[in-house]
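Protein chains in written order, with full-length UniProt numbering: chain D, 1 to 308; chain U, 1 to 335; chain F, 1 to 442.
In short, the hints are calculated from the structure, not lab data.
All C-beta atoms in this analysis are idealised placements derived from N, C-alpha and C, irrespective of residue type, glycine included.
Please note: incorrect hints may appear among the correct ones.
Unchecked claim - Derived pair list, reagent style DSS-like, types lysine-lysine, alpha-carbon separation capped at 25 Å: (1) F:Lys366 / U:Lys20; (2) D:Lys210 / F:Lys16; (3) F:Lys21 / F:Lys254; (4) U:Lys276 / F:Lys81; (5) F:Lys234 / D:Lys210; (6) D:Lys216 / F:Lys234; (7) D:Lys216 / F:Lys218; (8) U:Lys217 / F:Lys294; (9) F:Lys3 / D:Lys210; (10) F:Lys16 / F:Lys217; (11) F:Lys234 / U:Lys276; (12) D:Lys215 / F:Lys366; (13) F:Lys51 / U:Lys69.
Unchecked claim - Partner residues are not named here, just some residues of chain U that face chain F (Cβ under 8 Å, in silico): (14) Ser10; (15) Lys182; (16) Pro243; (17) Val270.
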Amino acid sequence: MTDSVLYSVLLLVSLGVIAAVVLYLVSKKFYVYENPLIGEVDELLPGANCAGCGSPGCRSFAEKLVNTEDISNLFCPVGGNDVMKLVAAKLGKEVAEKDPTVAVLRCQGSCDVRPKTTEFQGPRTCAISAMIYSGETDCQYGCLGDGDCVKVCKFDAMYMDETTGLPVIITDKCTSCGACVEECPRDIIEMRPRNKKDLKVFVGCLNEDKGGIAKKSCAVACIGCSKCLDICPKEAVTIVNNLAYIDPAYCTLCRKCVDVCPTHSIIETNFPPKKVKKVEEKVVVEKKEKVAVVKEPIVEPVNDKTDA
Amino acid sequence: MSQPIIISASPHVHSDRTSKKIMYDVVIALIPAFLVSLYVFGINAFIVTAVAIISCLAFEYLIQKYLLKTEITIGDGSALITGILLAFNLPSGLPIWMIVVGSLVAIGIAKLSFGGLGFNIFNPALVGRVFLLVSFPVQMTMWPTAVENNLSIADGVTGATTLGMIKEGLMFGETMTEISTKIPSTIDLLLGITGGSIGEMSAIALLIGGIYLLVRKVISWHIPVIMLVTMAVMTGIFWVINPEQYASPLIHILSGGALLGAFFMATDLVTSPMTKKGMIIFAVGIGVITVVIRLFGAYPEGVSFAILIMNAFVPLINTYFKPRRFGAKIKSKIV
Amino acid sequence: MLKTFPKGGIHPPENKLTSSKIIKRLAVPKMMNVPIAQHIGIPAEIVVAVKDKVKIGQVIAKSGGFVSSNIHSPVAGTVTKLDKIIDSSGYKKQCIVIRTDVKDESNFEEKEYPLLQEITLSSKEILQRINDFGIVGLGGATFPSHVKLNVKEGTKLDCLIINGVECEPYLTADHRLMLEKSEEIIVGIEILMKALNINKAIIGIENNKKDAIDLFKKATKNNSKIQVAALQVKYPQGGEKQLVRALLNREVPKNGLPLDVGVIVHNVGTIFAIYEAVQFNKPLIERVVTVTGKKMENASNFWVKIGTPISDLIAEVGGLPEGTRKIVNGGPMMGKAIKNTDVPVTKGTSGILVIAEDEASRGEPKNCIRCGECVYVCPMGLEPHLLMNLSEKGLFERASNEDIMTCIECGSCSYVCPSDRPLLDYIRFGKSIVKKLQTSKN
Chain D
1 MTDSVLYSVL LLVSLGVIAA VVLYLVSKKF YVYENPLIGE VDELLPGANC
51 AGCGSPGCRS FAEKLVNTED ISNLFCPVGG NDVMKLVAAK LGKEVAEKDP
101 TVAVLRCQGS CDVRPKTTEF QGPRTCAISA MIYSGETDCQ YGCLGDGDCV
151 KVCKFDAMYM DETTGLPVII TDKCTSCGAC VEECPRDIIE MRPRNKKDLK
201 VFVGCLNEDK GGIAKKSCAV ACIGCSKCLD ICPKEAVTIV NNLAYIDPAY
251 CTLCRKCVDV CPTHSIIETN FPPKKVKKVE EKVVVEKKEK VAVVKEPIVE
301 PVNDKTDA
Chain U
1 MSQPIIISAS PHVHSDRTSK KIMYDVVIAL IPAFLVSLYV FGINAFIVTA
51 VAIISCLAFE YLIQKYLLKT EITIGDGSAL ITGILLAFNL PSGLPIWMIV
101 VGSLVAIGIA KLSFGGLGFN IFNPALVGRV FLLVSFPVQM TMWPTAVENN
151 LSIADGVTGA TTLGMIKEGL MFGETMTEIS TKIPSTIDLL LGITGGSIGE
201 MSAIALLIGG IYLLVRKVIS WHIPVIMLVT MAVMTGIFWV INPEQYASPL
251 IHILSGGALL GAFFMATDLV TSPMTKKGMI IFAVGIGVIT VVIRLFGAYP
301 EGVSFAILIM NAFVPLINTY FKPRRFGAKI KSKIV
Chain F
1 MLKTFPKGGI HPPENKLTSS KIIKRLAVPK MMNVPIAQHI GIPAEIVVAV
51 KDKVKIGQVI AKSGGFVSSN IHSPVAGTVT KLDKIIDSSG YKKQCIVIRT
101 DVKDESNFEE KEYPLLQEIT LSSKEILQRI NDFGIVGLGG ATFPSHVKLN
151 VKEGTKLDCL IINGVECEPY LTADHRLMLE KSEEIIVGIE ILMKALNINK
201 AIIGIENNKK DAIDLFKKAT KNNSKIQVAA LQVKYPQGGE KQLVRALLNR
251 EVPKNGLPLD VGVIVHNVGT IFAIYEAVQF NKPLIERVVT VTGKKMENAS
301 NFWVKIGTPI SDLIAEVGGL PEGTRKIVNG GPMMGKAIKN TDVPVTKGTS
351 GILVIAEDEA SRGEPKNCIR CGECVYVCPM GLEPHLLMNL SEKGLFERAS
401 NEDIMTCIEC GSCSYVCPSD RPLLDYIRFG KSIVKKLQTS KN
């Protein structure tokens, strides 16, 4: 009895010793030197491994930061300028400051303004339905509504709105990693600068069809009427292929274009509600709000948590 | 047009074969064997089968509804088959609570914990059966003999299976000639006048079911035929060498779970290989392991274990025995 | 035992409802939408402007490169606009819109060409004409024919295969063409044999077209160069690789072409178009289209000008039947469901199939039960269930190693799947990504 206990103990102990020796020797033999700076930089990075910087993960981005001479064109969108400053201080290198950005959805084609003309049967992913045809509506530019962007978002910053059938970006959570921009087969998500109050004015449409056709397929489509182009005091608006685009670099957020847009395809976010001056204008505002209600489930004029 | 036009990728037609139809074909194929066991074991066979089916369906429903909170799939027929096959692998006198435990293991552990239909590695019914066999060896090897009155429930008389008798006899040093006087005749084996699990009684009934499955193209001939041939060849070799120590191939194939296993358990679509080449390897493996267990192992019967062991190899077989790609050079062909 | 390819394949219900319907000529529509991308490869370049008067057969878009093809005006008329019109891909594509000149008689005269058997042109001239007159493969793939026939010198080439298989259910366009234009097709084959300088041609016809087989056997009785082979009915026998395997027992290597085993395959429709182009200078401006569907009473075959809106064809057979839920451009196995009937007939349109409510819907996909049915029917020896899984999970590198690119998209796997899984949808998706990865690598 004691013998068998003794043997077992001895056997296990010797096994343990042998394994420890082998492990020690192997770890010595195959030791790889790594710059300790990489670990330190890695500590500074957000650790989200979102690949928004272009590297597959934070660790490899840290390696890149340490090993590259000029890091001014490397940027961690999630950490932003703060993190990049820390990294620069640690490494003693120069970094370029970038304006923070946030993803915006350039489509307002919810179910009630953009009628479905066909029914798609097949795997519900944007990538596959985009491959097979132009989508269930007559608009071949807008959101397909299968939520590939939501699936790819690692920060829970997006969700599909059941009533509109469109994704919603939670601006506070958005780290501007760019994964959704990459994923969307229609390229309807754009990174736009984020200012303090997150005020934005942009064209919520990508329809390049001629006015009539665009309007027929979607009530809030940009019809390329160029009213915004005419009214813009800063020449921030350009119209290419029947589609307006507001260049954020020139836009001063004056919101003149928002009022003149006949199809309400220009979106403003997080501005305080306009003071109602005249009775006639009220009608216009109400009308606008109707559209706004569709895209924002929470009916608050000032809402800094979500936007379209 | 009232409803919008449907858009989908090609093909726009579909064969009318559905997984549900396949499942119900299997159920139909099991009916002859069930009728025989009803005749032999009477109401007991019905009770065991009914309990197994009901508890399998109930566990599937309960687990999917309250534990996994997924879609409920009891209508697809797979739990029904698991229930029937589990019952077919049990002795007819098994206490009801054990059948329920076996069903729980089969559905809960072997099927749903792997991800449900299609994701299980092991045949759920066999996992349930083997679990019961190793947990309750005594009850699981009490084989009630054929009852006189088909409606009597309680039946104290138990006997051994054919294979059990052979194993026991050989252990006590008897020769095959002596044993053969005790075991049922070949005709009895064919008709099902023997002791054993509910479903493995009559070779003829199982063959009818198996042929139905082959005709309906639910299974291909590869697994059952190769498995039985392997068993026959292996046992044949031993029998030729020493007929006094080893039973004849005919007895081996007709008795025990060989036919039930070959046609219904090993051919389970989910847990068998996808290619014909893979099926052959799989079937040979089952045949060899079964014979090894039967002749040299502690258990008289080894089909369940053999199938479960080979189930574990299926992913590997699927990886290495791929169909030949069209236009691939013969030389670079894998295996 | 009839010849066929050995691995995989299916036999869906044939439903060849229109095989006894003589090809009728469809009235020339008032407006024609001619897309500039009707073939595989680079779209053609428009060479006409709005308000231009065009003659019938005039080049309106010039080949945009080597793998491209000329496009000719199907009618005499006026170019009214250059617009984007939805085509069978489901996207709006550049089209040339032509208003038919109702006064121009050339639009309405039904020119019946006499049979012209004498081949006067040289090999080079024949190939030039095929190039000039915009001939593309009419079997459905629309691969420009001159590219296929552009055989590098020194290539061993010994057999021309004529694809009269028409393995797609419902479609009968090739069948009718074979019955009605057998003499012309034989001349066409001789033209191609001369152009390619080979002495052997085999016409492969599936055994459900016995009349066509008999007709060709009779017609080629005294012709030792052309053989007719009856084939077992099996889909996808019309695939080039399957057909070569079935007729000659030669296996086209992986990622290779029939040319690698000394064979060129052409569809009977293409052969007829080549015949007309070479003998009568007639560009490819019309083709045979089967308009069919189980609920369609007047289903038939038509000679249709390229650019005709599909709505015209459907109107001709009495409009869409009640309860139509799907309109397919092509056959049921490989055709594309179209969004609306404004889609124009292109060079690749072999049929219009109208599917009613009860057959239009796909089943809800269920779990894979690993029955292996998709593996058995795959004519390319692939494992569709695996490829779908890999594509779904984004493992494109592995999918590529599992030969996803050799898939011919015949749809046999999706057809047989008892769990209604969208195998081909995912495989196509995987293929598109793998292709992108491969091009970005190079």
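_Going through the numbered hints above, which ones does this structure break? Give me the numbers in ascending order._
2, 3, 4, 5, 6, 7, 8, 9, 12, 13, 15, 16
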